[in-house]
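J.: One letter stands for each residue in the lines below.
2 protein chains.
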Amino acid sequence: MFSIEVTAGLSIFAGVLTYHLIPKFSEMFIKANLYGIDLNKSSGVKVPEATGVVTGCVFLMVTFLMIPLTYSDFLLQDKNEKFPHEEFVQLIAALLSMTCMLLLGFADDVLDLRWRHKLLLPSMASLPMLMVYYVTENRTEIVVPLLLRGILGTSVKLGILYYVYMGLLAVFATNAINILAGINGLEVGQSLIIAVSVMVFNLTSLSGLSRSYHEFSLYFILPYIGTTTALLVHNWYPSKVFAGDTFCYFSGMTFAVVSILGHFSKTLLLFFIPQILNFLYSLPQLFHILPCPRHRLPKYIKEDDVVTMSTTTANWNEIKPLGKLIINVLSKLGFLHVIRKETKGNETVQYNNLTIINLILKFYGPMHEQSLTITLLGVQFVCSILAFMVRYPLAHLLFGEIVV
Amino acid sequence: MFSIEVTAGLSIFAGVLTYHLIPKFSEMFIKANLYGIDLNKSSGVKVPEATGVVTGCVFLMVTFLMIPLTYSDFLLQDKNEKFPHEEFVQLIAALLSMTCMLLLGFADDVLDLRWRHKLLLPSMASLPMLMVYYVTENRTEIVVPLLLRGILGTSVKLGILYYVYMGLLAVFATNAINILAGINGLEVGQSLIIAVSVMVFNLTSLSGLSRSYHEFSLYFILPYIGTTTALLVHNWYPSKVFAGDTFCYFSGMTFAVVSILGHFSKTLLLFFIPQILNFLYSLPQLFHILPCPRHRLPKYIKEDDVVTMSTTTANWNEIKPLGKLIINVLSKLGFLHVIRKETKGNETVQYNNLTIINLILKFYGPMHEQSLTITLLGVQFVCSILAFMVRYPLAHLLFGEIVV
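Chain order of the listed sequences is A and B. 3 is the number of the first residue of the first sequence in our numbering; add one for each residue after it. 3 is the number of the first residue of the second sequence in our numbering; add one for each residue after it.
To be clear, the hints were calculated from the coordinates, so they are not data collected in a lab. Mixed in with the good hints there might be a few duds.
Restricting the straight-line Cα-Cα distance to at most 20 Å, the calculated cross-link-like pairs of lysine to aspartate or glutamate (EDC-like) are [unchecked claim]: (1) B:Lys-26 <-> A:Glu-89; (2) A:Lys-33 <-> B:Asp-114; (3) B:Lys-48 <-> A:Asp-114; (4) B:Lys-84 <-> A:Glu-89.
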């Protein structure tokens with residue numbers, strides 16, 4: 003039987019274990035060439051990279067050990083009658099998808115894979131979950147919003163499109179955290195806030211009909227919170243370790259898996275508002291409509307120990323018409339810092355790189371790195387509060403009833 | 003429905019894909035500092051290490067895709083009646099254990115973990131399989147050999163001891179391949195012969211009552227053979243890539259998983275005779291009863307382009323009594339090359355390192371590296387033939403009937 007108390011206890015244990023293990027492995031990571039130099043510090047110290055693999059492994063060990071604790075009492079009863087086979091196999095498949103993502107994330111950190119792999123890897127890692135979903139449930143109906151019911155009826159069977167949606171959600175969740183990153187504590191901090199939001203949502207939904215879905219999610223989210231909190235302590239400003247793509251991928255897949263198999267993927271998207279905004283704001287650079295440098299991190303100003311927005315400079319005439327339009331519109335709306343210069347008949351344009359990290363720095367000016375992280379995590383927190391406030395009224399408005 | 007033809011077809015596809023992928027990733031591995039220098043060559047070329055991660059990932063992708071092919075037709079029937087829930091969840095758990103081992107093996111190759119981890123990692127990776135076995139079957143009876151039935155009865159319930167046995171088998175299988183390694187093509191070649199032996203055994207047992215167990219095994223063994231054959235082409239003398247601990251661990255776990263969940267672990271041990279002999283022969287050095295150098299590879303003689311047995315030299319008086327006994331006995335039996343010298347009252351002893359690789363070189367003298375690999379693979383092949391010859395008579399003798 004799933005017990006929140008036991009899971010919470012094991013999650014605290016997982017956190018304490020992770021907290022002690024990370025420093026022990028640091029030396030090994032540096033020896034193995036797995037380190038980065040913190041660009042926003044003047045020290046030039048080697049910081050171990052990809053330590054998300056340590057938190058991931060502790061997470062897996064704990065969730066493996068929880069299997070018999072959760073399911074063994076079914077053995078004592080008449081087995082074939084009550085055993086929740088589908089839930090059980092989904093749980094193992096969820097673990098398989100997460101392990102897969104951890105492996106592929108770590109391979110990415112080690113081998114420095116190309117951009118196209120970043121889309122391929124989460125698709126591959128989500129395969130077990132999708133395959134098992136197909137074999138066990140294959141429920142692809144969605145409830146139609148009230149406005150469209152006249153045309154479509156109350157529910158629509160999406161079929162293969164539903165699998166595409168689930169796959170895309172996994173790809174989005176893994177990469178969305180990865181592109182809102184780069185300053186101390188941000189990846190891990192935002193993931194922790196999302197995880198806590200999911201936990202609160204699960205805990206407040208336990209009384210409903212879908213109790214088992216929310217227990218399913220808590221099974222993973224609690225140990226995730228335990229290990230991630232431990233990582234955050236070491237990753238907080240000034241970072242002694244970096245979490246790496248390993249952590250971002252693993253986190254994204256965890257969120258995708260619990261929300262898909264827990265049937266609350268729409269609610270999850272509400273917790274991802276900052277990531278969605280950052281993704282939309284980044285689109286012109288991600289799709290190379292506007293020139294994009296390799297790194298879009300804020301720029302470090304050594305004299306004042308602050309960071310300021312980083313910019314890209316391009317030849318105005320070489321920018322495509324759509325790019326020019328985007329620059330003009332965003333600039334008019336106050337969402338882009340733009341400087342146009344003409345020197346010797348050569349017209350250049352300089353604009354801040356399109357991440358909400360730089361956008362915050364545009365609005366508030368240069369600030370200390372830690373303040374920037376706190377501001378961004380504040381945004382994440384406020385968005386979670388908003389998500390809780392709008393979720394139920396929104397569901398009522400769209401679907402006429404509370405839909406989970 | 004499981005189809006051998008479809009699985010074989012996909013396995014060939016997996017092999018072709020692996021064959022083309024490995025060279026594409028080679029450059030990346032070297033850039034990431036994942037390479038070794040071949041000690042038995044004079045070229046000093048950097049050879050990519052840990053490429054087992056590529057074959058492992060292709061293997062996983064193919065076995066993931068096979069899930070709906072194998073199980074989806076149950077969906078069309080009355081679901082709860084016939085769906086083989088326990089087999090299905092064991093299949094997913096088997097994949098989870100293998101993925102876990104691939105991750106941990108790769109982490110070992112990258113981070114160069116310590117010896118104690120080499121025992122810990124396979125234990126951890128076998129957890130999902132053991133946990134799921136506990137929840138789904140928890141069958142721990144073993145049939146008692148005829149001789150002991152007067153005392154113990156026809157079967158004995160081993161309880162937790164059975165789990166210890168399964169865990170130890172996983173630890174043994176993963177490490178046994180890893181310590182019979184070090185010359186071009188040996189790890190991959192021996193694994194391939196074991197896999198083919200398992201396949202033949204499964205195919206010849208399909209007509210019996212335990213058909214589903216053997217199909218279960220074939221589900222994994224065929225894609226394993228496909229990907230491993232492709233790896234062997236690149237790993238054969240002179241190796242263009244090394245397979246790494248990643249491959250040895252992954253292979254060992256694959257064998258452990260299919261034989262445990264396929265209920266033929268005793269038969270598997272027959273295919274592991276060379277590894278068992280090598281393990282027993284290595285024991286004095288592994289347990290430091292006799293001094294053991296870091297590497298026990300054969301020694302390369304550049305002038306003749308051959309390899310010869312490597313030796314360890316130690317002070318005779320510093321060797322423990324048990325060690326002296328072992329040296330004397332093995333030497334008398336002709337299984338150890340020993341040279342004792344006395345210079346200036348200092349008595350030293352030189353003996354070949356205790357691996358069957360060096361033992362072959364003791365018997366046949368220095369030979370070309372490729373000939374050595376072929377000889378060792380010949381031993382592996384002959385042992386497999388022997389295993390098939392003794393298996394049925396042995397089972398009859400011990401258990402009075404054919405027991406699978």
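J.: State for each hint whether it applies.
T.: Outcome of the hint check:
no.	hint	result
1	B:Lys-26 <-> A:Glu-89	violated (40 Å)
2	A:Lys-33 <-> B:Asp-114	holds (9 Å)
3	B:Lys-48 <-> A:Asp-114	holds (19 Å)
4	B:Lys-84 <-> A:Glu-89	holds (17 Å)
Consistency with the previously given hints fails for number 1 only.
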